[in-house]
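Chains U and A, in that order, give the protein sequences.
For what it's worth, my numbering labels the leading residue of the first sequence as 367, then goes sequentially.
For what it's worth, my numbering labels the leading residue of the second sequence as 9, then goes sequentially.
By construction, these hints were calculated from the structure, which means they are not laboratory data.
Glycine residues also receive a C-beta, built at the ideal position from the N, C-alpha and C atoms.
Careful: at least some of the hints might be erroneous.
Here are the computed distance ranges between Cβ atoms for each label pair [said to hold, decoys possible]: (1) U/Trp490 <-> A/Arg153: 45 to 51 angstroms; (2) U/Val486 <-> A/Gln98: 35 to 41 angstroms; (3) U/Ser524 <-> A/Gln98: 47 to 53 angstroms; (4) U/Leu548 <-> A/Asn105: 33 to 39 angstroms; (5) U/Glu421 <-> A/Pro96: 55 to 61 angstroms; (6) A/Asn105 <-> U/Asp598: 56 to 62 angstroms; (7) U/Leu453 <-> A/Gln98: 24 to 30 angstroms; (8) U/Ser644 <-> A/Val147: 51 to 57 angstroms; (9) A/Val147 <-> U/Tyr572: 34 to 40 angstroms; (10) A/Pro96 <-> U/Tyr572: 15 to 21 angstroms; (11) A/Thr128 <-> U/Glu421: 44 to 50 angstroms.
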Amino acid sequence: MIKYSSFMLSLLLSLVLINSAHASAKGDDSTLFNLGDIVTTESDGAIKETSIAGETISWQLMTSIALRDNTSPIVGIDDDAQLDLNLLFDIYYRGFFAQSDSHRFSNIGRGVAVGYELIVEQDWQLDIISKSYLNGFDQQGIKGLREDNPPELVGIASRQHDYSQGFRFSYLFDDGALWLDLAANLLTDAHHGWLFDLYYSKLIPYKNWDIYLGSGFTYYSSEFNNYYYGVDEREITANRPLYQAGSGYRVQMEVMAQYPLSRDWLVATGVNLSHYSSDISDSPLIEKSSFVQLIIDFRYVF
Amino acid sequence: MYFKGLILALLIGISQSAQSQQTNSPELNKSPEPNKSLELNDSLELKNSPEPENSLEPSNSPELNAKQATNTELIATNARAGQLSLQPNQCVALRKNRDCFATIEMLWSATEKGNYCLVTRSPKRALACWSNAEQGTFVYQFASRNTIEFILIEQNSKQVLSQSKVEVSWLYNSTNKRRRWRLF
Numbered sequence: 367m368i369k370y371s372s373f374m375l376s377l378l379l380s381l382v383l384i385n386s387a388h389a390s391a392k393g394d395d396s397t398l399f400n401l402g403d404i405v406t407t408e409s410d411g412a413i414k415e416t417s418i419a420g421e422t423i424s425w426q427l428m429t430s431i432a433l434r435d436n437t438s439p440i441v442g443i444d445d446d447a448q449l450d451l452n453l454l455f456d457i458y459y460r461g462f463f464a465q466s467d468s469h470r471f472s473n474i475g476r477g478v479a480v481g482y483e484l485i486v487e488q489d490w491q492l493d494i495i496s497k498s499y500l501n502g503f504d505q506q507g508i509k510g511l512r513e514d515n516p517p518e519l520v521g522i523a524s525r526q527h528d529y530s531q532g533f534r535f536s537y538l539f540d541d542g543a544l545w546l547d548l549a550a551n552l553l554t555d556a557h558h559g560w561l562f563d564l565y566y567s568k569l570i571p572y573k574n575w576d577i578y579l580g581s582g583f584t585y586y587s588s589e590f591n592n593y594y595y596g597v598d599e600r601e602i603t604a605n606r607p608l609y610q611a612g613s614g615y616r617v618q619m620e621v622m623a624q625y626p627l628s629r630d631w632l633v634a635t636g637v638n639l640s641h642y643s644s645d646i647s648d649s650p651l652i653e654k655s656s657f658v659q660l661i662i663d664f665r666y667v668f
Numbered sequence: 009m010y011f012k013g014l015i016l017a018l019l020i021g022i023s024q025s026a027q028s029q030q031t032n033s034p035e036l037n038k039s040p041e042p043n044k045s046l047e048l049n050d051s052l053e054l055k056n057s058p059e060p061e062n063s064l065e066p067s068n069s070p071e072l073n074a075k076q077a078t079n080t081e082l083i084a085t086n087a088r089a090g091q092l093s094l095q096p097n098q099c100v101a102l103r104k105n106r107d108c109f110a111t112i113e114m115l116w117s118a119t120e121k122g123n124y125c126l127v128t129r130s131p132k133r134a135l136a137c138w139s140n141a142e143q144g145t146f147v148y149q150f151a152s153r154n155t156i157e158f159i160l161i162e163q164n165s166k167q168v169l170s171q172s173k174v175e176v177s178w179l180y181n182s183t184n185k186r187r188r189w190r191l192f
């Protein structure tokens with residue numbers, strides 16, 4: 367799967383680089399790139415369609431430069447603002463998709479959800495998906511995001527990034543959407559736990575702004591929580607007692623606003639409030655039960 | 009902490025900008041004051057100026073030539089000339105077919121004192137008029153999903169002295185509600 371994602375990413379980047387040399391006005395159906403059997407057209411604004419040997423792949427690519435603080439509730443993780451550069455890409459081919467879920471701030475920096483459409487109706491949809499719901503960490507910090515070697519984490523075992531597989535139900539309202547993910551860690555040998563993640567987002571357009579009000583509830587099994595927040599015998603220190611985590615939940619509230627800066631750039635800014643239940647927040651590895659994350663994100667839409 | 013300060017300042021700036029857009033009345037004008045009694049009606053028939061050599065007379069074609077598409081234009085006539093400048097002259101919306109909002113400052117000047125009006129070309133609608141003036145400003149609350157062309161006319165002769173437009177563009181073509189939440 368990782369090799370496949372890398373291949374697709376490389377392919378997309380190659381196409382984008384070539385496309386950038388063939389800059390075209392946005393807004394019209396137009397051929398951006400034509401090289402033998404490979405033809406890329408701009409069919410729907412930022413959404414591109416690339417035809418390779420008669421097969422059409424739809425895709426969109428955005429780069430995101432995000433400044434955010436309070437990236438994690440884990441002890442010792444620096445609260446100072448951090449600049450992240452992310453590649454947000456969405457791709458669709460015959461029911462298979464990879465999507466960045468960029469409408470939700472807490473998903474940014476967690477890769478893409480890869481899946482397949484099982485049922486598609488006018489207002490609802492059922493997919494089978496595989497995605498990461500939590501970033502792993504070790505004694506150096508959050509893997510791939512904040513590796514500043516906090517002394518509070520010295521001696522802990524490595525926690526891998528979560529990668530869970532399951533079903534996603536989506537329901538679209540006139541001005542909102544509801545998602546329900548039910549997923550378990552099946553393909554990797556990390557925690558073998560499961561979770562369900564419910565998220566609702568409502569859109570409020572105001573002048574040139576799109577304002578999204580979101581709220582989420584995520585329930586984690588005891589296996590999931592114990593893998594990430596439990597402390598076993600080998601990890602005990604004077605300040606880190608043994609801890610066995612049970613099942614627990616996280617509640618999120620989010621406000622995000624998007625504003626177009628030009629025909630290619632937009633800025634997204636917002637605030638996310640997360641609260642963890644006691645089975646999670648009582649862990650010696652967790653610093654606080656609630657935290658607020660502020661984000662400003664500049665996105666370039668190819 | 010620095011980041012929180014930055015975010016706070018940004019949010020305050022955005023809030024003030026939004027407030028400013030809300031509170032600026034379309035009738036807010038700087039000196040000289042436009043004369044409301046000179047407002048034109050929708051049946052206004054505009055006369056293009058007599059065409060001198062190298063005239064920049066407005067075209068009736070929907071496709072304006074490059075010279076006409078510039079922000080500030082000067083249209084020379086045998087009798088008068090005028091200039092109309094729009095700032096900004098671009099408005100970007102997130103999606104196609106959605107109204108784009110902007111506060112446009114319109115500045116005009118003429119070579120002679122007279123009675124002038126600022127008018128939208130289609131539909132023809134007078135925004136404001138001035139009497140015995142040779143320059144003026146007007147703040148217009150733009151809200152449209154289409155590009156709009158504005159013209160400066162001499163009120164008595166209905167001659168078009170200058171024209172300029174606010175172009176509307178967007179990031180996403182899609183108006184499909186599904187694609188707001190997921191692309192495909």
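Verification of the supplied hints:
1. U/Trp490 <-> A/Arg153: 45 to 51 angstroms: violated, 30 angstroms
2. U/Val486 <-> A/Gln98: 35 to 41 angstroms: Holds - the Cβ-Cβ distance for U/Val486 and A/Gln98, about 38 angstroms, lies within 35 to 41 angstroms.
3. U/Ser524 <-> A/Gln98: 47 to 53 angstroms: At 51 angstroms between Cβs, range holds.
4. U/Leu548 <-> A/Asn105: 33 to 39 angstroms: holds, 36 angstroms
5. U/Glu421 <-> A/Pro96: 55 to 61 angstroms: violated, 43 angstroms
6. A/Asn105 <-> U/Asp598: 56 to 62 angstroms: holds, 58 angstroms
7. U/Leu453 <-> A/Gln98: 24 to 30 angstroms: holds, 28 angstroms
8. U/Ser644 <-> A/Val147: 51 to 57 angstroms: holds, 56 angstroms
9. A/Val147 <-> U/Tyr572: 34 to 40 angstroms: violated, 20 angstroms
10. A/Pro96 <-> U/Tyr572: 15 to 21 angstroms: holds, 19 angstroms
11. A/Thr128 <-> U/Glu421: 44 to 50 angstroms: Roughly 48 angstroms apart at Cβ, these two residues keep to the hinted range, so it holds.
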